[in-house]
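*Asks:* Since the structure of chain A is provided, determine the placement of chains B and C on it from the hints.
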Amino acid sequence: MVTVGSVDPAPLRAELVIEYPFTRTTGPVVGAFMTGLRDGRIVGSRRADGRVFVPTAEVDPETGDAITDIVEVSSAGVVETWTWVDPPRPGSPWKAPHGLALIRLDGADTPMLHGVLVDSVAEMSTGMRVEAIWRDERVGHITDLVGFAPEGADANVGLAPRENASAEGGAVAEEPVRSIRTPIRLEYDFIPSAAAQEYLRAYADKRILGNRSPVDGAVFVPPRGVDPRHGVEATEMVDLAHTGHVGNFCVTHLPIPGRNDLPTPYASAWIHLDGADIGFLGLVSGCDLDEVRIGMRVRAVWKSDDELEATAENVRYWEPTGEPDVPVEQAGNQAWSAKGFPNA
Amino acid sequence: MREVAVVSSAIHQVEALTFTTDVQLMVPLINEARDAVGLTQADIGFTCSGSSDFLAGQGFSFVQTLDAVGAFPPIAESHVEMDGAFALYEAWVKLQIGEVDTALVYSYGKSSPGSRRDVLAVQLDPYTVAPLWPDAHSVAALQARLLLESSAVTVEELAAIAVRSQRNAVGNPNALRASADVTVDDVLAGAVVADPLRATDLSAEADGGCAVVLAAGDRARSLCERPAWIRGIDHRIDAHGLGVRDLTLAPSAALAAGKAAERAGFAADAVDVAELHAASTAQAHVLAVAMGLGGTGSGNEVRIDPSGGSLAADTLMAAGLVRIAEAARCVSRGDADRALAHASSGPCLQQNLVCLLGGE
Amino acid sequence: MGTLGERTAVLGVGQTKYQSTRGDVSIAGLVREAALRALEDAACTWADVDAVVIGKAPDFFEGLMMPELFLADALGCVGKPILRVHTAGSVGGSTALVAASLIQGRIHRRVLTIGFEKQSESNATWALSLPQPFSVSINAGAGGYFSPIIRRYMARSGAPELIGCMVAFKDRQHALRNPYAHLQQPDLTFDQVVEAPMLWDPIRFSETCPSSDGACAMVLGDEEAGDAAEGPVAWVHGTAMRSEANNFPGRDEVSPQASRDCAAEVFAKAGITDPRSEIDVAEMYVPFSWYEPMWLESLGFAERDHGWRMVEDGSTNLDGGDLPVNCSGGVLSSNPIGASGMIRFAEAALQVRGMAGGHQVEGARRAFGHAYGGGAQYFAMWVVGADKP
Chain A
1 MVTVGSVDPA PLRAELVIEY PFTRTTGPVV GAFMTGLRDG RIVGSRRADG RVFVPTAEVD
61 PETGDAITDI VEVSSAGVVE TWTWVDPPRP GSPWKAPHGL ALIRLDGADT PMLHGVLVDS
121 VAEMSTGMRV EAIWRDERVG HITDLVGFAP EGADANVGLA PRENASAEGG AVAEEPVRSI
181 RTPIRLEYDF IPSAAAQEYL RAYADKRILG NRSPVDGAVF VPPRGVDPRH GVEATEMVDL
241 AHTGHVGNFC VTHLPIPGRN DLPTPYASAW IHLDGADIGF LGLVSGCDLD EVRIGMRVRA
301 VWKSDDELEA TAENVRYWEP TGEPDVPVEQ AGNQAWSAKG FPNA
Chain B
1001 MREVAVVSSA IHQVEALTFT TDVQLMVPLI NEARDAVGLT QADIGFTCSG SSDFLAGQGF
1061 SFVQTLDAVG AFPPIAESHV EMDGAFALYE AWVKLQIGEV DTALVYSYGK SSPGSRRDVL
1121 AVQLDPYTVA PLWPDAHSVA ALQARLLLES SAVTVEELAA IAVRSQRNAV GNPNALRASA
1181 DVTVDDVLAG AVVADPLRAT DLSAEADGGC AVVLAAGDRA RSLCERPAWI RGIDHRIDAH
1241 GLGVRDLTLA PSAALAAGKA AERAGFAADA VDVAELHAAS TAQAHVLAVA MGLGGTGSGN
1301 EVRIDPSGGS LAADTLMAAG LVRIAEAARC VSRGDADRAL AHASSGPCLQ QNLVCLLGGE
Chain C
2001 MGTLGERTAV LGVGQTKYQS TRGDVSIAGL VREAALRALE DAACTWADVD AVVIGKAPDF
2061 FEGLMMPELF LADALGCVGK PILRVHTAGS VGGSTALVAA SLIQGRIHRR VLTIGFEKQS
2121 ESNATWALSL PQPFSVSINA GAGGYFSPII RRYMARSGAP ELIGCMVAFK DRQHALRNPY
2181 AHLQQPDLTF DQVVEAPMLW DPIRFSETCP SSDGACAMVL GDEEAGDAAE GPVAWVHGTA
2241 MRSEANNFPG RDEVSPQASR DCAAEVFAKA GITDPRSEID VAEMYVPFSW YEPMWLESLG
2301 FAERDHGWRM VEDGSTNLDG GDLPVNCSGG VLSSNPIGAS GMIRFAEAAL QVRGMAGGHQ
2361 VEGARRAFGH AYGGGAQYFA MWVVGADKP
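Chains as they are written, first to last, in my numbering: chain A, 1 to 344; chain B, 1001 to 1360; chain C, 2001 to 2389.
Isolated chain A, as found in the complex:
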């Protein structure tokens, strides 16, 4: 039972995940840094005046000129500043609380950021000396460094010393690293607006709601709470018929990522419901693709009652009603002028 105008205490929400395994090509300078990591070395960029930037820097920040000279620096150095990360951040390479520090390696003039592997914040201090802890198997990625640990302490993570780590296969003979993968995953708690909540719940009741503009009564669907022409709130909701016409359409031959249920080719159309003054995208089916036309009268074909949820996907598709077409000059966005309003 939908309570119009109020918000259900358990609002509709969904997890929105944006993620992609970005592939970054490095170019020669960043590539040199990554190749160094793969080979168990840390390198930097040496400017003409001798200043060494670690990690490598493609460009001198002071002049905008390229820096091309690559030199190796020590993999041990000094913590210049630090903080403690507890709990570790999602997506980070660390699964336990850890230090995060700017570490100036011996031979470098600029510190680099990485993790410090100690058991508690009490063990962190500015000025402490640390040394690199390497992964056994390295690929040319900043995480080839597991992190840094206090110098001289037992490398208790049980990894092989770096010089021999790439003995198999001979890293030196390999090609330089040219690209890296840096997956990014971000999660959002997506909660539709109050108007959208109402609209979605109405769908569960096989009702399609639109928003009426206070300015001239134009009805927008889906309801967004605003009349976009005037930048004013539209709060009035109206029930719309489940019939309308095709204002515009196209036949698509490309599959949609994530929609394996949709065989190609298919017809997507701007459905102009009776009572609404703009269209929304919907699938047209129940006829041959070449019968789909501007002005064709359609009606909603719903999922069965036990399949209904709070979603516009309750309408499986729109099928022809067989009624006479809306004339093309009055179809879609032209319908507004047919009502007596001036065309845009």
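Among these hints, one or two may not hold up.
Distance ranges between label pairs, derived from CB positions [said to hold, decoys possible]:
1. B:G1265 to A:F341: 50 to 60 Å
2. B:G1098 to C:G2079: 22 to 32 Å
3. A:A14 to C:P2232: 31 to 41 Å
Pulled from the structure, derived: some chain C residues nowhere near chain A, Cβ distances all over 12 Å [said to hold, decoys possible]:
4. L2004
5. A2028
6. R2106
7. S2129
8. Q2173
9. V2194
10. G2231
11. A2268
12. D2322
Calculated from the structure, these hints are not laboratory results.
C-beta: ideal position from N, C-alpha, C; glycine also.
*Replies:* Positioned in the frame of chain A, the structure of chains B and C alone reads:
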């Protein structure tokens, strides 16, 4: 240079905007700012906004928000993927050309659906830094520790900045963190969340938005009794890498303040109030020093963050514009003859904008 | 007539070779390549640049939020102002306009402006169709959005079915004379264009823009810089930007009012009353073939329902046409989304400087640059000329 003033503004900041879309947030704010000076969108010569797709988790997210403006008939409009303070800068530039006399600027941010501190890690060097996911609080902490260990400031002085913000924020409906009687001891008793920063050292994350109307010359005078004139405005950026620059300084803030002062004819230390866009108390200190506003707020003439500043409510992508609005309000109300508004972008104050405002 | 403010000149243009993947460079390397070429063309160094304005499409393409922060060093911008514009597909154009306004407003004397996209780092289709919960996902790409609008135009104008293919073929022919263009198809025949698979009826694969990596940069200067330049410069005669809501009752999607209003303003500023005869060459944002005749009409180069005739009779062809369109190959031949608008503006400038090489229109003295974005709702345009306005 053409005289341009802030003639009205609208601000709304809350902890989380759960059932409100960006559009629904901005409709009342944009209308409020325009209505305050009796303008319709048809009267506005240029519109510019600032926002971030990454907050929305949606590419082209600002396209929807155009609905809040009422963009029909078509409008001259642009957008920056930056804090609204930079959108205001673009609008100010447009007004300098002389073709239009009014501009609407707006920006908003709804970071509550995501994890803001982690989203901001994606601003960092994508090859050697971002894959380690250094979140914004950790990055701010690195800077704070450098500051403390350089003896430029003590933890008590940072706590005093937190106290100042909370006390000033009392009575500000757009502040999230306000308290009339919080003390330094109270602050120091709080838990450390990103060593050495406490929760009250970090700005209070807010959802919200801001709209500002600018007008030029006599048009401004006709719209508003006491326009807040933009006497000087400038912005600069520093090198990106955290290890490449001295994080205890903000040279771009100093430079921008100096450039703005050249135009304004008065320097930052000559203002009555200053609104700072800082993500931490440490950054507030760095900025005050960089721009010559004095130290940590004891006994100098510039009243810093009379609204509570961004420490009291920090809306990502709008906090800088809110500083300009708040500073302008001080001038328009007659509480100040000269004001400074600051906006920043990027990790550890990498990029800074300074706006010097004055009454007639 | 006239644009208020300081006269603005395009002193230099720099482009990268557009291709599906620039695997040899980092993001910084890509933008610097274009920037350095522009600086060289303008006989400027980094030190001469007062400010940078950078534009690109959604940051999800590269997974780098607010890239102006990371790129400040690479663009010689430390200690300088940098702005980052984002206006969807029109961004390359609006970025150029923001840069121009810094000169027009007498804020700066020389501004470097750049648009880029390194979309191979992810996937354009993915980035353009991020899932939105509670929405019906039914649109496979931008073509799915624009093809119904094209269908409307075809029905309304009575245009012959193959006009779109003619545009696509023409632009790919033009691209052969532009070494920077992504698609280089010397063996392409018109029949191959027609027989290509249909993607979004009526748009075929051959009528669709590619996905490209690339960057395009310009150095803009004030009047004194323009006068002092040793080589030819392009002078900005008019600029305009317009936006409108993208779904409202009665909207004309085929020729949006924002497009018409924007064109009217830019031509008025440039003192142009008959664009067809007064503009020598046009670079228009045509990502799907049929948008050439549609924009020709909307912008005022052709009467309503007659734009397709200009395609059919060869008027928009580099060889023999009186209004060559997209001699560079256009968006149909190269599409790094964040740069595409700026490429249009830059190519217009190259034409009136006489520096368009193999795709130069002889004697071009006034050129038009155009970009659009969103649901055909954002428009940015400029007119440039060989003579000072």
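*Asks:* Evaluate each hint against the coordinates.
*Replies:* Verification of the hints:
no.	hint	in the structure
1	B:G1265 to A:F341: 50 to 60 Å	holds, 54 Å
2	B:G1098 to C:G2079: 22 to 32 Å	holds, 29 Å
3	A:A14 to C:P2232: 31 to 41 Å	violated, 57 Å
4	L2004	holds, 28 Å
5	A2028	violated, 5 Å
6	R2106	holds, 25 Å
7	S2129	violated, 7 Å
8	Q2173	holds, 26 Å
9	V2194	holds, 16 Å
10	G2231	holds, 22 Å
11	A2268	holds, 21 Å
12	D2322	holds, 31 Å
Violated hints for the displayed structure, listed by number in ascending order: 3, 5, 7.
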